[in-house]
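Q: Residue numbers (the numbering used here), protein chains in the order written: chain A, 1 to 512; chain B, 1001 to 1300.
Certain hints may be false.
[Stated by the list, open to error] Cut-off 30 Å, straight-line C-alpha distance, at most; resulting in silico cross-link-like pairs (DSS-like, lysine-lysine): (1) 468/A - 1157/B; (2) 467/A - 1245/B; (3) 413/A - 446/A; (4) 1245/B - 179/A; (5) 467/A - 1109/B; (6) 1297/B - 1287/B; (7) 27/A - 1287/B; (8) 1297/B - 179/A; (9) 485/A - 1145/B; (10) 1270/B - 179/A; (11) 485/A - 1287/B; (12) 27/A - 1157/B; (13) 404/A - 446/A; (14) 180/A - 1297/B; (15) 1157/B - 1109/B; (16) 1245/B - 413/A; (17) 1219/B - 446/A; (18) 27/A - 1270/B; (19) 1157/B - 467/A; (20) 1109/B - 27/A; (21) 1270/B - 467/A; (22) 1245/B - 468/A; (23) 291/A - 235/A; (24) 413/A - 291/A; (25) 1245/B - 180/A; (26) 1270/B - 446/A; (27) 446/A - 324/A; (28) 446/A - 405/A; (29) 180/A - 1109/B; (30) 179/A - 1109/B; (31) 27/A - 179/A; (32) 1157/B - 485/A; (33) 1106/B - 462/A; (34) 180/A - 1270/B; (35) 1245/B - 485/A; (36) 1109/B - 485/A; (37) 1270/B - 462/A; (38) 468/A - 1145/B.
Note that these hints are calculated values from the structure, not bench results.
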Amino acid sequence: MLRNIRRASQGIFLLIFLYLFLQTESKGANELGYPVKIFLDADPLLWLTTALATRSPERLLSLALIIIAATALLGRVFCGWACPLGALNDLAARLGHHRQRPLGWFRLKYLILLFILAASVFTLQLAGFVDPLSLTIRSLALSIYPAFSHAVSAVFDAIYVAQIPVLTDASEAVYSLLKKTVLPFRPPQFHQAFFLGALFLGIIGLSLVERRFWCRYLCPLGALLGILSRWALLKRSASEGCDGCGACMASCRGGMGPVAEGGWKVSECVACMACDDVCPQAAVRFGFSRKKARALDLGRRRVVASVAAGIAAVPLVRITPLSKAVAADPALIRPPGALSEADFLRRCAKCGECMKVCLTGGLQPALLEGGFEGLWTPVLVSRIGYCEYRCTLCGQVCPTGAIKKLNPEEKAKVKIGLAMIDPGRCLPYSHGIPCIVCQEVCPTPKKAIWLEEAVVRTQSGKEVAVKKPHVDLELCIGCGICETKCPLLGRPAITVTSLGESRSKDNQLLLG
Amino acid sequence: MNRREFLKSAVVTGAALSVPPVLGLLSGSLEAAGRPDLCVVRGSSPVASVRAVLDGIGGIGRFVSRGDIVVVKPNIGWDRTPEYAANTNPEVVAAVVGLCIEAGAKKVKVFDHPVSDARRTYRQSGIAEAAAAIGAEVSFTDDRKFREMRIGGNTLKVWPLYTEAVEADKLINIPIAKVHGTSRLTLGMKNLMGVMGGWRGRIHQRIDESLVDLAAFVKPSLVILDAVRILTANGPQGGDLRDVKRLDMVVAGTDQVAVDAFGATLFGLKPADLGYVRIGQQAGLGKMDLEKLSIRKIDL
């Protein structure tokens, strides 16, 4: 009974999660109209690590307090009843056999948590890599959903191309319905998609090794909630009727072997209540009690080692020449409203929401453009897609304020970089061929590309009048549409770099 | 049967039909007498202007027959709201759609292949909402429906075009008048670039010749030039209201060269200043000599 209620709760939360994920896409208006980042807003791990890394008190009031309060009262109910990755783990576990005797590595996740917290105290934000909500949204957005969309479209495209009477009409009707509901407006394509997808499927696949492997041994959010659950009032108890049959062992999601004396630990219990349902003696009971749980014993050396490793990671990832303005990767173009690089990295949760919502698909997960610390953070790759002049969605969906929420008027003043022309490749400059697509598409109210009327001589000595494009260094905002649309496929004749970006004091070109 | 074949066969059957010769001649000449090359309407209401301009050019029934599938092709190229004059005026689009439906069109399709993100252009331009409200089928272009077509021009030989535009019974081109870097102005012929797929930035290399080839191939039944607001600088995208001039004007004609030739004068240019107008006349696509055209002007 309780089990079915829990399943229903998991299902509802997973559906809400997926629905909001699908709504993280523009319909053409300035706003999305759905609270698409609400799960991330309520994430206590992101809340805590961001607050530590940025020392920002402004985030004290947060939806995360709801989950913290629920955990303090009821234990890890979030893990068992609401977490979408937990639900996916449970679903995956149904696909096959998994070991019955737990590995018992549960301490590992606390050590991971300590590592992350120690790093965040010293301003290094690593939580986003392993936070379950960040991980799930990023993996879905950058890999699983694109693969799903590609697969579905490929099937319908094949039927469309074949033009089979009746069948094609029917399939087109279904396809247009899918396009209106679950398929993306444009096929999403991301760098590292294969790797990110394999990682995610691997994590879920661990459920086949052992039920909820991720939640038991790896999840740092689970660990944080485990610590908070120490004072929880909801407790499990077994009456004297328990004959140690072990039925509850097999059903336990926390893997804590609730049979043995002292075996049940509130910090590992995700309150799935399966043990209550399966107990043949009906000896299991969940009830409220003020008895304090025993403290977790992680082992002092392990704790010290984790904290030390977290601290050591900070200089280790930062000894890179990329941190110097002059050596920074010019391709590190951040979305409009992104904070200065150091502040940005302290906040970015690598959740992929900005990349999911980006209209043109230009926002891509970084590899090492911003150093190891910047892995999977958003960079604008203008050859793939540009920043739409009046769109402000990336700032709207950013859960941690790494990208500021701007209104269109504010955004128009933000430079994310600067375009420069390569005269050696540009058609009018080098080849006497008219073009100036870059000038046509330039979106600033006074165009940031101006034209010089010139006469160039061709090989045969013929004089041709052309217009040579020039970038106005003051007006260009670095949106990249010129690079996206430059007719020179491959290497374009106009490229944007981060030079002149508003968010940096050092990365500037012009005097004053 | 596409529109071109249809037109061809219509001419043949029309000639063969046994209309009493005298009567046919009479009504034909009467109609022709009432039919100017261009009709220009000035009026503060875009909807009234569109109705007047169509009446002036011979009535919507001259272009749309009962049961037709009609494509109305506005400019929905840019993520700008109507007051910036970067896209065709939504009221003009809706009025044209409304007239087509009144004339008995089976379906009126509205689409464009925009430069900016289509979701934003359709929405921000106000066109999707206005056209759908009056009964048009508004859709985004579907990549699968661009097909390589033998255009057979001097410059544009083969190019992927949007099948729905080419195969429609009637195509009504409703551009807005704006300045443009490469072609000086974007008017009717330039607006047809919206039915092109592929890497179309390449046609800028010989834009005037390409546009004439495209216009000769696509051959809209009617061109209605929206000059309610025109964009006089920083086109085709604009973004500064000081560059927008309100003319409250709508121009209609079947001669693509003539409409664009007239459009040039709105910006203080001569028809021959526009390469595609000049080349269009040379290629026999239409007439650019405004003196020799009959232009009906109506002030509302």
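Q: Evaluate each hint against the coordinates.
A: Consistency of the hints with the structure:
This hinted pair checks out: residue 468/A and residue 1157/B have alpha carbons roughly 27 Å apart, not beyond 30 Å. Restraint check for residue 467/A and residue 1245/B: satisfied, since their Cα atoms lie roughly 26 Å apart, inside the 30 Å limit. With a C-alpha separation of about 13 Å, the suggested pair residue 413/A and residue 446/A falls inside the 30 Å cut-off, and the hint holds. Of the supplied pair hints, the one linking residue 1245/B and residue 179/A is violated, its CA atoms being roughly 39 Å apart against a limit of 30 Å.
For a cut-off of 30 Å, the pair hint linking residue 467/A to residue 1109/B is broken: about 37 Å separates their Cα positions. Straight-line distance between C-alpha atoms of residue 1297/B and residue 1287/B comes to about 18 Å, which keeps the hinted pair within the 30 Å bound. About 43 Å separates the Cα atoms of residue 27/A and residue 1287/B, which puts this hinted pair outside 30 Å; it is violated. Under the criterion of a C-alpha separation no larger than 30 Å, the hint pairing residue 1297/B with residue 179/A is inconsistent with the structure, at around 47 Å.
Distance check on the hinted pair: residue 485/A and residue 1145/B sit about 22 Å apart at the alpha-carbon level, within 30 Å; holds. Between residue 1270/B and residue 179/A the CA atoms are separated by roughly 47 Å; this puts the pair beyond 30 Å, and the hint is violated. For the given pair, residue 485/A sits about 34 Å from residue 1287/B by alpha-carbon distance, which is inconsistent with the 30 Å threshold. About 37 Å separates the Cα atoms of residue 27/A and residue 1157/B, which puts this hinted pair outside 30 Å; it is violated.
For the hint linking residue 404/A to residue 446/A, the alpha-carbon distance of about 25 Å falls within 30 Å, and the restraint holds. The suggested pairing of residue 180/A with residue 1297/B is violated, with an alpha-carbon distance near 45 Å, which exceeds 30 Å. The straight-line distance between the Cα atoms of residue 1157/B and residue 1109/B is roughly 27 Å, inside the 30 Å bound, and the hint therefore holds. With a C-alpha separation of about 25 Å, the suggested pairing of residue 1245/B with residue 413/A holds against the 30 Å cut-off.
With a C-alpha separation of about 34 Å, the suggested pairing of residue 1219/B with residue 446/A is violated against the 30 Å cut-off. Taken as a hint, the residue 27/A and residue 1270/B pair is broken in the structure, with Cα atoms around 42 Å apart against an allowance of 30 Å. The hinted pair formed by residue 1157/B and residue 467/A meets the criterion: a straight-line CA distance of about 26 Å does not exceed 30 Å. For the proposed pair residue 1109/B and residue 27/A, the alpha carbon gap of about 20 Å is at most 30 Å, so the pair holds.
For the given pair, residue 1270/B sits about 21 Å from residue 467/A by alpha-carbon distance, which is consistent with the 30 Å threshold. Taking the CA atoms of residue 1245/B and residue 468/A, the gap is near 28 Å; set against the 30 Å cutoff, the hint holds. Our distance criterion of 30 Å between C-alpha atoms is met by residue 291/A and residue 235/A, whose separation comes to about 9 Å. Taking the CA atoms of residue 413/A and residue 291/A, the gap is about 58 Å. The hint is violated against a cut of 30 Å.
A threshold of 30 Å between alpha carbons decides the hint, and for residue 1245/B with residue 180/A the separation of about 38 Å lies outside it, so the pair is violated. As the CA atoms of residue 1270/B and residue 446/A are separated by approximately 25 Å, the hinted pair is consistent with the 30 Å bound. Taking the CA atoms of residue 446/A and residue 324/A, the gap is near 33 Å; set against the 30 Å cutoff, the hint is violated. Between residue 446/A and residue 405/A the CA atoms are separated by roughly 25 Å; this keeps the pair inside 30 Å, and the hint holds.
As the CA atoms of residue 180/A and residue 1109/B are separated by approximately 18 Å, the hinted pair is consistent with the 30 Å bound. At most 30 Å may separate the alpha-carbon atoms for a hinted pair to count; residue 179/A and residue 1109/B meet this at roughly 19 Å. Straight-line distance between C-alpha atoms of residue 27/A and residue 179/A comes to about 12 Å, which keeps the hinted pair within the 30 Å bound. Our distance criterion of 30 Å between C-alpha atoms is met by residue 1157/B and residue 485/A, whose separation comes to about 22 Å.
Restraint check: the Cα-Cα separation between residue 1106/B and residue 462/A comes to about 54 Å, which exceeds 30 Å; the hinted pair is violated. Using a Cα cut-off of 30 Å, the hinted pair residue 180/A and residue 1270/B is violated, with the two alpha carbons roughly 47 Å apart. Between residue 1245/B and residue 485/A the CA atoms are separated by roughly 29 Å; this keeps the pair inside 30 Å, and the hint holds. Our distance criterion of 30 Å between C-alpha atoms is met by residue 1109/B and residue 485/A, whose separation comes to about 27 Å.
Under the criterion of a C-alpha separation no larger than 30 Å, the hint pairing residue 1270/B with residue 462/A is consistent with the structure, at around 27 Å. The hinted pair formed by residue 468/A and residue 1145/B fails the criterion: a straight-line CA distance of about 35 Å is larger than 30 Å.
The structure does not agree with the numbered hints 4, 5, 7, 8, 10, 11, 12, 14, 17, 18, 24, 25, 27, 33, 34, 38 stated previously, though it agrees with the rest.
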